[in-house]
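Enquirer: So you can see what is in the structure, the chains are spelled out below.
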Amino acid sequence: MPTQNSQPQRRVVVTGLGFITSIGNTREQVLTSLRELRTGIEYYPELERTRVLVRLVGTVKEFSFPELHSDEWTYPAAYTIPREHLRSMSPNAVYGFCAMKQAIAEAQLPPELISHPRTGAMCASGGSSWLSYDYMAMMLEKGPQRCNPMAMVASISGTLNMNFVSCFAIKGHSLGFSSACASSAHALGEAFDRIRLNRQDIVFVAGAEDCDLFTILPFVGTRALTTGTDPSISPCAFDVKRDGFVVTGGASVLVLEELEHARRRGVPIQAEMIGWGEASDGYSVMAPEPEGDGLKRAMEAAIGEAGISPPEVDYINAHGTSTPVGDAAEIRAIKRVFGNGRGPFISSTKSITGHGLSLAGAMEAGFCCLALQERFTPVSANVTELDPEFASVAIVTDPIDYAPRVAMTNSSGFGGTNVTAILRRWEEG
Amino acid sequence: MPTELTDEQIKKVNHDFRRCRQGTAEAIINLRRSGDTALIPEILRGIVWRYVRPDAREQVEKASLETPLSTLGMDSLMMLEVVLDVQDALDVTVEDAELRRVTTFNDVSELLMQRFTEIHKPA
Chain A
25 MPTQNSQPQR
35 RVVVTGLGFI
45 TSIGNTREQV
55 LTSLRELRTG
65 IEYYPELERT
75 RVLVRLVGTV
85 KEFSFPELHS
95 DEWTYPAAYT
105 IPREHLRSMS
115 PNAVYGFCAM
125 KQAIAEAQLP
135 PELISHPRTG
145 AMCASGGSSW
155 LSYDYMAMML
165 EKGPQRCNPM
175 AMVASISGTL
185 NMNFVSCFAI
195 KGHSLGFSSA
205 CASSAHALGE
215 AFDRIRLNRQ
225 DIVFVAGAED
235 CDLFTILPFV
245 GTRALTTGTD
255 PSISPCAFDV
265 KRDGFVVTGG
275 ASVLVLEELE
285 HARRRGVPIQ
295 AEMIGWGEAS
305 DGYSVMAPEP
315 EGDGLKRAME
325 AAIGEAGISP
335 PEVDYINAHG
345 TSTPVGDAAE
355 IRAIKRVFGN
365 GRGPFISSTK
375 SITGHGLSLA
385 GAMEAGFCCL
395 ALQERFTPVS
405 ANVTELDPEF
415 ASVAIVTDPI
425 DYAPRVAMTN
435 SSGFGGTNVT
445 AILRRWEEG
Chain B
3 MPTELTDEQI
13 KKVNHDFRRC
23 RQGTAEAIIN
33 LRRSGDTALI
43 PEILRGIVWR
53 YVRPDAREQV
63 EKASLETPLS
73 TLGMDSLMML
83 EVVLDVQDAL
93 DVTVEDAELR
103 RVTTFNDVSE
113 LLMQRFTEIH
123 KPA
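So the protein lines, in turn, are chains A and B. Each residue of the first sequence is one higher than the one before, counting from 25 in this note's numbering. Each residue of the second sequence is one higher than the one before, counting from 3 in this note's numbering.
Do not rely on the hints blindly, as some may be mistaken.
[As the list claims (entries may be wrong)] List of simulated lysine-lysine pairs, BS3-like, C-alpha gap at most 30 Å:
| id | chain 1 | residue 1 | chain 2 | residue 2 |
| --- | --- | --- | --- | --- |
| 1 | B | 13 | B | 123 |
| 2 | B | 123 | A | 125 |
| 3 | B | 64 | A | 166 |
| 4 | A | 125 | A | 195 |
| 5 | A | 125 | B | 14 |
| 6 | A | 359 | A | 85 |
| 7 | B | 14 | B | 123 |
| 8 | A | 195 | A | 166 |
| 9 | A | 85 | B | 64 |
| 10 | B | 14 | B | 64 |
| 11 | A | 265 | A | 359 |
Hints listed in this document are in silico derivations from the structure and should not be mistaken for laboratory results.
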């Protein structure tokens, strides 16, 4: 019970979104792809150069990075990246810059609020393996003094937060997160906490990844990728034939803002974030705990923090990478949290986007905001033969006319780290 | 040391320096072929032209050899980019301490001529 002296709980809302994804580089394109189940996954010719069977990638369109020198990089004409910023960027920071511009425009943020001690940036990127590799080769061949002095800040995993602070003159908190495929979900949770705890009023949450052979090949080594060649069949999360995921890159940005701050500015509110939770499996560096133990506890923690009961969750945007063991562990965890009934609707949007790795959490939280605001339930693509073990839960294999009010998004990463975030449709009052 | 360049080397120079002022790649090829260090000031000017902001290019065209490079709107990173390209163009390595002593086109050109002659002197 709040006492007379206690401050009311600060509430956190989403006031802006930005997307550079395989399924679209604008909010409208992403919305259309999600509603009409248009895949962003396609045949990736460069994989022919390698001795692997993997052929599909969730490609990012309208960008090209043909060589190391950033003067040769191309990006959509709607954006202008000054040379003094571009030269320290990685491809994922370029995607991030464009997504950030969209989110800033949606949130109607003036320069003095973007660059403000109470405005921060929580970012997640795996760095740029391509730039690391090629620049290191150049340093060894010609010597470090004859290599781009920006090579390091462009390559390492902090590249997104470091570039954002410089490009957008961020004056509040800035941090990078490195928890593999849960990285930007952790960024989202930390952003939420910093606003709730009255340490920041606005926090940009950004996830971004390069999308090239250097991102893809290490996952071939882990045997985690599908060898399917037809994006209308693969990847197929929750299907009995699922055989792994498809890699994607790009960037997504959410603007999280304290409710009264957003109200005072009079900007449209897109959704409310009401809680998050995290837990680790304590099991394996790579495989999920088979019963989804960590994810179960993350979901329970998020539900507890949100102050809701499990039946109030209408939709789960699953981690759902389409690996045989990963999907099974997640559905087992969901069954344990939501009981034996049908429970919330569940889908994996990764079946049309690919798996965005560090980007996935922010991208899928963004999709949840769209689903809540635009009142639709995303479908899980490519399920033709549902795994019988999942028959008792409500996996959305065909379009349904359902407007979720509360959406949950799950992210799990190497090391057995798990994050769940919960968002609610914004209804004034 | 004047040398004949392979087609592959010529192609690489033309590719690497195609964004520089017109004639720069050709001057680099001529320098490598002839060892004529008198070409160095124009090579330097062509590379600086690439890295300054587009609205400062005219100023670079007109700049006298006594013009300090810092007056062309170049920040320290742009200067480094120029140095990287110049080192590649001339295949020389210039030490940071040497660079700190030079400010004008003339100073830099003289330093580069000296380094080029030391490194590429006839056997």
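Enquirer: Please list, smallest to largest, the hint numbers that this structure does not respect.
Expert: Hints 2, 3, 5, 6, 8 and 9 are the ones this structure does not satisfy, whereas the remaining hints hold.
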